[in-house]
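Chemist: Hey, can you work out the whole structure from these sequences and the hints?
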Amino acid sequence: MIFKLTGVLFIVSACGFAGILKSKELYSRIRFCDNLIVFFQHFSALIRCSSYNLEEIIHCLDNDNLSFIKYFFTIDESVSFYDKWKKSVIENVYLSEEKEILLSVGKELGTTDIEGQTKLISYTIERLTQLRKTHSENYNRLGKVYRSTGFLFGFMLGIVII
Amino acid sequence: MELNKIAENILKYIPNRFRSIMCKTPLPENLTEIRFYSNRGIAFFTDKLIGFLSDSCDIVKEFDSHCIKVTSDDCKFILMSVCKNSVYSHQRELNEGCFVIENGIRVGLSGRFSEGQGQTIQEISSISFRISREKTGCAEQIYESTKGNSLLICGGVNTGKTTILRDLSRLYGNHTKCTLIDEHNEISAMNNGIPSFDIGLTTDIINGKSRHNGIIASIRTLSPEYILCDEIADSADVNAIVSASGSGVKIIATMHCPSYQDFQQRPVAKQLMNYQIFSYAVFLKNMGQVDRIVDLRIHR
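Protein sequence lines correspond, in order, to chains U and X.
Going left to right, the first sequence walks through residues -13 to 148 as the working numbering numbers them.
Going left to right, the second sequence walks through residues 454 to 753 as the working numbering numbers them.
Hints were generated in silico from the structure; no laboratory data involved.
Do not rely on the hints blindly, as some may be mistaken.
[Unchecked claim] Think about it this way: if two alpha-carbon atoms lie no more than 35 Å apart in a straight line, the pair counts; the simulated DSBU-like pairs of lysine-lysine are:
hint: 1; chain 1: X; residue 1: K537; chain 2: U; residue 2: K56
hint: 2; chain 1: X; residue 1: K514; chain 2: X; residue 2: K529
hint: 3; chain 1: X; residue 1: K458; chain 2: U; residue 2: K85
hint: 4; chain 1: X; residue 1: K514; chain 2: U; residue 2: K72
[To be verified] Only part of the chain U face toward chain X is listed, based on derived beta-carbon distances under 7 Å:
hint: 5; residue: V(-2)
hint: 6; residue: D69
hint: 7; residue: Q103
From the three backbone atoms N, C-alpha and C, an ideal C-beta is built for every residue, glycine too.
Modeler: Rendered as structure tokens:
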């Protein structure tokens, strides 16, 4: 009986943990959007206030939260900016909507004057904010469901085993 | 400047498919320009010859089907590379259609410019890489005959006015405080604050400002003994020069004017003569060769 109870406890915590992980995955999408929004806000400020070129700006904004930026600087210098950007986004961003936004903004980055660039970045921030809102709603709606389902499924399995 | 170094600088900015061919192509001596013509070829210019790059890594005299063809996308690629992929931070250069890259190589753009204020190039027809060469010592004769005085260097197109001015900047700037007003960055070819040519150890460079604003700014802040500037063209320039001269600064300037007869008829020259600012006028005939030095103090 003790073995059975230990097994059930283990199953309940494993299922509960899986539910929490799934819910955290939803939360990480919100965090990723937040990081991108901050990145583009700083990007826009640097375009307006400094004379840096694109790569210098990206270098300034390099941080641990955005792995695709880190990867950007490891790509061969001889390819164009957009090819580098595209490669780093495709190989490091796995979320389809975010990937699509980053690829479309990357195509236009640096190709227009300051006004055009700030408008482009504002539009990108708007899209990311909208996406964040959707992720946030999903998290509020599904996060709890995943966590509860995980535990409940664990309990049910436990009862079946006992 | 070594030919290899020139090529190395230009190769950085061109698409890979041209790079691999141009790497293997022996460049002609006295190369002055490489041009990329949209929907046409890549032309190499020397003092006497024009040649086109062929796919067999040769430069041929006649453009034919074996010659490398440049597309408008290639031109855009070059433009974006020269802009360091940041059009927004190169608006001034785009308005003027001219960039300066490493070693004083000037990149000129031709094509359709947008209308209205702040004209920017929209469609590129050709891109040229002009290789500047400094001729150290070419102005020594002029320097010896006119030193300590305000000087006007006159000549027609391609007579070497800018080359002479650059060398005078070096000669004066090695032992006096000089300010070089280099509106279009042609004289010093400054890149990242570093002049590509020897323009003197104590020469300050004002780049990107109009000549008259540059002259006024230099008097206010840099206290030069000599101000050097290229191509005096209008009365705003004359007024600024008058202000500078009134502050005791000597002026060395160039003016587009092929002969003394022509000089006497120009309204700007007349204005300058009235103010009695310049002591000498040097007239150039060909590639920096002095035709005559006129003592303007006698002719007043």
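Chemist: Next step is simple, just say for each hint if it's right about the structure.
Modeler: Here is what the structure says about each hint:
For a cut-off of 35 Å, the pair hint linking K537/X to K56/U stands: about 19 Å separates their Cα positions. Proximity of K514/X to K529/X is assessed by CA-CA distance (about 26 Å); at most 35 Å being required, the pair is judged to hold. Note on K458/X and K85/U: the hinted pairing is violated, with a Cα-Cα distance of about 41 Å set against a maximum of 35 Å. With a C-alpha separation of about 41 Å, the suggested pair K514/X and K72/U falls outside the 35 Å cut-off, and the hint is violated.
Because the closest C-beta pair between V(-2)/U and chain X is about 55 Å apart, greater than 7 Å, the hint is violated. With 7 Å as the threshold, the beta carbon of D69/U stays out of range of chain X, its nearest partner Cβ sitting at about 11 Å, so the hint is violated. Here the hint on Q103/U is kept, as its CB sits about 5 Å from the closest CB of chain X, short of 7 Å.
When each numbered hint is compared with the structure, violations occur for hints 3, 4, 5 and 6.
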